[in-house]
Amino acid sequence: MADEFLLKVYVAAAVLMMVGMALLLVRLIAGPALYDRALAVNSFGTKVVLFLCLFSLMNGRQDGVDIAILYALMNFIATVAILKFFRYRGLTGPMTSLPGSSKFDRLREARRQKEAS
Amino acid sequence: MAADNTHSAPANPVDIPWDAVLEWGLALASTGLIVSGAIFVLAGALGVLRMPDFFTRMHAAGMTDTLGAEFILLGLMLQAGFSQMTLKLLLVAFFLFLTSPTATHAIANAALKSGLKPQLGPYKAPELSEIEGKTPSEGAH
Amino acid sequence: MVRYAIILALVMLLYWLTLSFYFEPLIVGFGIASVLFAVGLCYRMRILDSETVPYMHTMTTIGYFGWLFLEVVKANFAVVKAVLRPDMEISPTLLTVPTPQKTDIGKTMFANSITLTPGTVSMDIDDDGILVHALLAEMADPDDFVEMGQRAGFSVSEVSS
Numbered sequence: 076m077a078d079e080f081l082l083k084v085y086v087a088a089a090v091l092m093m094v095g096m097a098l099l100l101v102r103l104i105a106g107p108a109l110y111d112r113a114l115a116v117n118s119f120g121t122k123v124v125l126f127l128c129l130f131s132l133m134n135g136r137q138d139g140v141d142i143a144i145l146y147a148l149m150n151f152i153a154t155v156a157i158l159k160f161f162r163y164r165g166l167t168g169p170m171t172s173l174p175g176s177s178k179f180d181r182l183r184e185a186r187r188q189k190e191a192s
Numbered sequence: 023m024a025a026d027n028t029h030s031a032p033a034n035p036v037d038i039p040w041d042a043v044l045e046w047g048l049a050l051a052s053t054g055l056i057v058s059g060a061i062f063v064l065a066g067a068l069g070v071l072r073m074p075d076f077f078t079r080m081h082a083a084g085m086t087d088t089l090g091a092e093f094i095l096l097g098l099m100l101q102a103g104f105s106q107m108t109l110k111l112l113l114v115a116f117f118l119f120l121t122s123p124t125a126t127h128a129i130a131n132a133a134l135k136s137g138l139k140p141q142l143g144p145y146k147a148p149e150l151s152e153i154e155g156k157t158p159s160e161g162a163h
Numbered sequence: 133m134v135r136y137a138i139i140l141a142l143v144m145l146l147y148w149l150t151l152s153f154y155f156e157p158l159i160v161g162f163g164i165a166s167v168l169f170a171v172g173l174c175y176r177m178r179i180l181d182s183e184t185v186p187y188m189h190t191m192t193t194i195g196y197f198g199w200l201f202l203e204v205v206k207a208n209f210a211v212v213k214a215v216l217r218p219d220m221e222i223s224p225t226l227l228t229v230p231t232p233q234k235t236d237i238g239k240t241m242f243a244n245s246i247t248l249t250p251g252t253v254s255m256d257i258d259d260d261g262i263l264v265h266a267l268l269a270e271m272a273d274p275d276d277f278v279e280m281g282q283r284a285g286f287s288v289s290e291v292s293s
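Chains as they are written, first to last, in my numbering: chain A, 76 to 192; chain B, 23 to 163; chain C, 133 to 293.
Please note: incorrect hints may appear among the correct ones.
With a Cα cut of at most 25 Å, we get these calculated SDA-like pairs of lysine to any residue [said to hold, decoys possible]:
1. Lys206(C) <-> Ala42(B)
2. Lys213(C) <-> Pro274(C)
3. Lys135(B) <-> Asp260(C)
4. Lys239(C) <-> Asp259(C)
5. Lys135(B) <-> Lys213(C)
6. Lys213(C) <-> Gly195(C)
7. Lys139(B) <-> Arg112(A)
8. Lys146(B) <-> Val212(C)
9. Lys189(A) <-> Phe197(C)
10. Lys213(C) <-> Phe119(B)
11. Lys83(A) <-> Lys139(B)
These stretches of chain B come out as covered by chain C in the derived footprint (C-beta under 8 Å, 3 or more residues) [said to hold, decoys possible]:
12. 45-55
13. 103-113
It should be emphasised that the hints constitute simulated quantities derived from the structure, not laboratory data. C-beta: ideal position from N, C-alpha, C; glycine also.
So here's chain A without its partners, still in its complex pose:
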């Protein structure tokens, strides 16, 4: 009894989330700046993670949640990598053109020496 009811709830929540994903796709295509698109992709990824969790509980299988964990981490890394690429036009170099980064490096080096001693 309760199971059939919950299945309907899952399907309703999944449909609501798909409507939200469709709205985000509109922003992804229409977004005037690059950053709107990056934001839409990041938010879309969060919804994909939630959708995977719902879907795997709907089936009673655990595989979806593993993929959801991976997707959550990959989504974050992909967002940061895209932003870094479009700011420095490359992914390998250090972030030296960041204002104040040299000060940050000095602080980190000082703390490392303090901890080593």
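With chain A held as given, fit chains B and C onto it using these hints.
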């Protein structure tokens, strides 16, 4: 999952079937959490579509990532019970809790450093009659 | 250094056990081997410091997250109301919030909490403080952030001034 219908029918009419009460209580609690979380997610997506400039859209997207996600995952955790699934869902919630504000901050900082100016001061959505006749790119920054 | 290595190894071992959930000696042995490999890699990269392993007093941190969750719920309704109103009355504001925290991890916790609360996003940080973009004008009061700043500093076991 609470799939088993193993609880037997009550022996006499006064006897309360606690198994069924617990099952339905959990089901209703997770229904409330999941549906309200999905509504928050939908409201966040609507905000990303409606808001006037990038920095305000960011707020709507961040709202989705925090409360909508946590509510849905809490509701699913109630259904998963004490199992490995709950631990995995807890991990998903923890990672989302840590990474989503960091990603929002990264996008905001990149947009600010690239020279995108936030639109400040009071703002009201234009009436439908004002929008008609304008080109779609008018709202862009 | 040894303390960081031990804590990192314990956390990674717990992560392995959560994801695999097989408690046979062979599989757990594989897990221990890969954890040791990862810790050795971290040692070789010289990143075994307080940034890779932000050891915190766990109970106060969990209590802080509970308090923060209530704040997030309260702020969320204001943002949802602003989004769903047909005329959408918003007034974006910029303000600078001072950071009383002493350590880097305390400042990170504070900025992350500001971003996590809907309606306020931390955009930049320098010596003056955190540049915050607020969606509504009534959220842009620097006095409102004082309590959150103190709690954020306390949650990572530093005494805020």
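Going through the hints against the structure:
1. Lys206(C) <-> Ala42(B): The given pair, whose Cα atoms are some 34 Å apart, is violated under the 25 Å limit.
2. Lys213(C) <-> Pro274(C): With a Cα-Cα distance of about 23 Å, the restraint between Lys213(C) and Pro274(C) holds, given a limit of 25 Å.
3. Lys135(B) <-> Asp260(C): holds, 17 Å
4. Lys239(C) <-> Asp259(C): OK: Lys239(C) and Asp259(C) at ~11 Å, within 25 Å.
5. Lys135(B) <-> Lys213(C): violated, 30 Å
6. Lys213(C) <-> Gly195(C): Distance ~28 Å between Lys213(C) and Gly195(C) Cα, so the pair is violated.
7. Lys139(B) <-> Arg112(A): Satisfied, since the Cα-Cα distance of roughly 17 Å is no more than 25 Å.
8. Lys146(B) <-> Val212(C): holds, 16 Å
9. Lys189(A) <-> Phe197(C): violated, 31 Å
10. Lys213(C) <-> Phe119(B): This hinted pair holds, its Cα atoms lying about 23 Å apart.
11. Lys83(A) <-> Lys139(B): violated, 45 Å
12. 45-55: violated (count 0)
13. 103-113: holds (count 4)
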